[in-house]
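Asks: Using the sequences and the hints, build the whole thing.
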Amino acid sequence: MGERIVAVVVAYNRRELLTQVLAKLAAQTRPVDALVVVDNASSDGSGEVARTHPAVTEVVTLPRNTGGAGGFTAGIARAVAQHAADYVWIMDDDTLPTPTALAELLAAKARYGGSPALLASKAVWTDGTEHPMNTPRPRPFLARAARLRAARAGVQHVRTASFVSILLDARAIAAVGLPRAGYFLWNDDFEYTAALLRGRTGLFVPDSVVVHATKVLGDSSADPGDRFEWEVRNKLWALRSRRSFEPLERVAYAGASVLRWVRTLAKSPDPARLRRVGAVGLRAGLAPAPATPAVLADTPVAGDVLHVESLRLPSAPPPPAARVERRGGRALPGACQLVSGVSVLVSTYLGDDAAQLRRALRSVTVEQTCPPSELVLVTDGPLRPEVEEVVADLGTRSRTDPVAGLSVTVVRLAANLGLARALSAGLAHCRYDVVVRQDADDISLPTRLATQLPLIAAGKDLVGSAIAEFETDPAEPGMIRRYPQSQADIARLMRRRDPFNHPSVVYRRSVVEQVGGYQHLALMEDYWLFARMVAAGAAAANVPEALVAYRVGEGAYRRRGGWKLLVSEVRMQSKLWQLGIVTWVGLLFNLATRGGYRLVPTGLRRRVYALLTRRGGQ
0 MGERIVAVVV AYNRRELLTQ VLAKLAAQTR PVDALVVVDN ASSDGSGEVA RTHPAVTEVV
60 TLPRNTGGAG GFTAGIARAV AQHAADYVWI MDDDTLPTPT ALAELLAAKA RYGGSPALLA
120 SKAVWTDGTE HPMNTPRPRP FLARAARLRA ARAGVQHVRT ASFVSILLDA RAIAAVGLPR
180 AGYFLWNDDF EYTAALLRGR TGLFVPDSVV VHATKVLGDS SADPGDRFEW EVRNKLWALR
240 SRRSFEPLER VAYAGASVLR WVRTLAKSPD PARLRRVGAV GLRAGLAPAP ATPAVLADTP
300 VAGDVLHVES LRLPSAPPPP AARVERRGGR ALPGACQLVS GVSVLVSTYL GDDAAQLRRA
360 LRSVTVEQTC PPSELVLVTD GPLRPEVEEV VADLGTRSRT DPVAGLSVTV VRLAANLGLA
420 RALSAGLAHC RYDVVVRQDA DDISLPTRLA TQLPLIAAGK DLVGSAIAEF ETDPAEPGMI
480 RRYPQSQADI ARLMRRRDPF NHPSVVYRRS VVEQVGGYQH LALMEDYWLF ARMVAAGAAA
540 ANVPEALVAY RVGEGAYRRR GGWKLLVSEV RMQSKLWQLG IVTWVGLLFN LATRGGYRLV
600 PTGLRRRVYA LLTRRGGQ
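Residue numbers 0 to 617, in numbering that gives the first Met the number 0, belong to the letters of the sequence shown in order.
The set of hints was computed from the structure by calculation and includes no laboratory data.
Keep in mind that a hint or two might mislead.
For lysine to any residue, the following SDA-like pairs were computed, each having C-alpha atoms within a straight-line distance of at most 25 Å [unchecked claim]:
(1) Lys459 with Glu512
(2) Lys574 with Arg550
(3) Lys459 with Pro473
(4) Lys563 with Lys574
(5) Lys266 with Arg481
(6) Lys563 with Gly328
(7) Lys214 with Arg136
(8) Lys459 with Ile489
(9) Lys574 with Glu248
(10) Lys459 with Ala212
(11) Lys459 with Ala296
(12) Lys574 with Thr134
(13) Lys214 with Leu184
(14) Lys459 with Val338
(15) Lys23 with Ala212
(16) Lys574 with Glu245
(17) Lys214 with Pro268
(18) Lys459 with Thr592
(19) Lys574 with Pro289
(20) Lys459 with Leu310
(21) Lys574 with Val551
(22) Lys214 with Thr18
Replies: So this is what it looks like as structure tokens:
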């Protein structure tokens, strides 16, 4: 069976040209296997033209004009997630492919061999002149053998290309992710193709020809008017993209960009205007680019974007081998009807106290005003005899059963594997998508589920709450730890520290699994999980009320320090940098401040933690 090619055309208010593009695609000597048109909220009937064309497989109508960046991101996501594309062939609605354009791309791929991540067509203007706006950048410093191999195949190696007729390998898309939808226009193709071709092969295929029917024939130094703001902003975003360029490349491309801007200003009839809008772009470009899932969260492709973005994240490790016991099965009175079912996930180990575990389990089950549907308890290795007695009572409906006959699954691990692996084992046996986390020594307030589950039912994927710390008596709480409530504030705090209290969260298991689940990172597995969830576009919130009484002591603050935690901190910050959550400046700042925090005396660490937590909660 041959490769499945899905063509994507992004359309915006060029109805006549779109009609021609669709006719050209229908006349390809190698037919496409599916054709997706992204209608970028056109007002001229372009969407209707696409919907009534026999060659079109699907029309994705966006609620607003998201620019070329948003349109191509939407189309690529839909092609990979819904149309099982092996390759995605993308172009604008002013790109007219000649009849053999696709066939020549595939023929060149076969001649060259291997698995090029990208193949680019030759774009010409309506008079046959090669279009300067779409000439791919050659790959510099290429080995002689690579040049000869390309020449024999009739192709040229490239480092970047425009979105005017390029064929993308879906495997490279899965590895890199999607274009940055927040760019709107300009440099989105520069950044994205650079990311695809960092360490991968990209080929320019002169025999594959398309006509780029722009109104005028011009290059990228033509006067852009107010759009110069986007040129400056997006170029800064692109050059700061850690997925796209090596350090020396950043320097070279930055220098080339400055020279081009100088030429643009020199040729402009209104250089003062360009300087003004360029300054606006400069300020915007120094801020982080908006996350693609957030930009397209209100569109029909939101789920596709989340799916494709999650493909580049680490895959979940297989759950450890475990012995599973199922007991009980009674629905508690007033069981929650806000969602179809709720699992409570708890892990216990040798160091836990029996009375505290019994109290914790009662608090999150029978004492809830909106009780859960099941309890999943993981025994992380051998337990104390008195804790084993608590586990043996679960689901029995006996007088000492802390959950009063609720459906219980006990997942037994033969050895202590740590919290991340224990929770992974438990998640694998949760029967419901909505999962409530509970620690074995904390106490959930009776209204916890009734407060958090409405947010989950309304579409949130991850909901935390404030917690009230206590040492011996939960009726005498100490510090209240509050974290930001809005998605934007959560993402902002994520750059500095974990914006959730792990024992307070409720989440969707499907989203957790989609980003790779819990992964071992000493005392930071929750931070790493939540960072991946938010980066992949999970809808998140925190409740301002303290819904969990959180047990602390000198041991809790001692465990947050030491050389082992310093190593975890370095690994965590590196992962945040690789994921694009922190900049390299933020990385160094965090290592200096958080790394130092790991090594100070326990008493000082406790005071610093209290100060930082109070600030973070404002």
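Asks: For each hint, tell me whether it holds in the structure or not.
Replies: Verification of the supplied hints:
| no. | hint | verdict |
| --- | --- | --- |
| 1 | Lys459 with Glu512 | holds (16 Å) |
| 2 | Lys574 with Arg550 | violated (29 Å) |
| 3 | Lys459 with Pro473 | violated (29 Å) |
| 4 | Lys563 with Lys574 | holds (17 Å) |
| 5 | Lys266 with Arg481 | violated (55 Å) |
| 6 | Lys563 with Gly328 | violated (42 Å) |
| 7 | Lys214 with Arg136 | holds (23 Å) |
| 8 | Lys459 with Ile489 | holds (13 Å) |
| 9 | Lys574 with Glu248 | holds (23 Å) |
| 10 | Lys459 with Ala212 | violated (44 Å) |
| 11 | Lys459 with Ala296 | holds (12 Å) |
| 12 | Lys574 with Thr134 | violated (35 Å) |
| 13 | Lys214 with Leu184 | holds (17 Å) |
| 14 | Lys459 with Val338 | holds (12 Å) |
| 15 | Lys23 with Ala212 | holds (13 Å) |
| 16 | Lys574 with Glu245 | holds (18 Å) |
| 17 | Lys214 with Pro268 | holds (20 Å) |
| 18 | Lys459 with Thr592 | violated (32 Å) |
| 19 | Lys574 with Pro289 | holds (19 Å) |
| 20 | Lys459 with Leu310 | holds (21 Å) |
| 21 | Lys574 with Val551 | violated (28 Å) |
| 22 | Lys214 with Thr18 | holds (17 Å) |
Of the numbered hints listed earlier, those contradicted by the structure are 2, 3, 5, 6, 10, 12, 18, 21.
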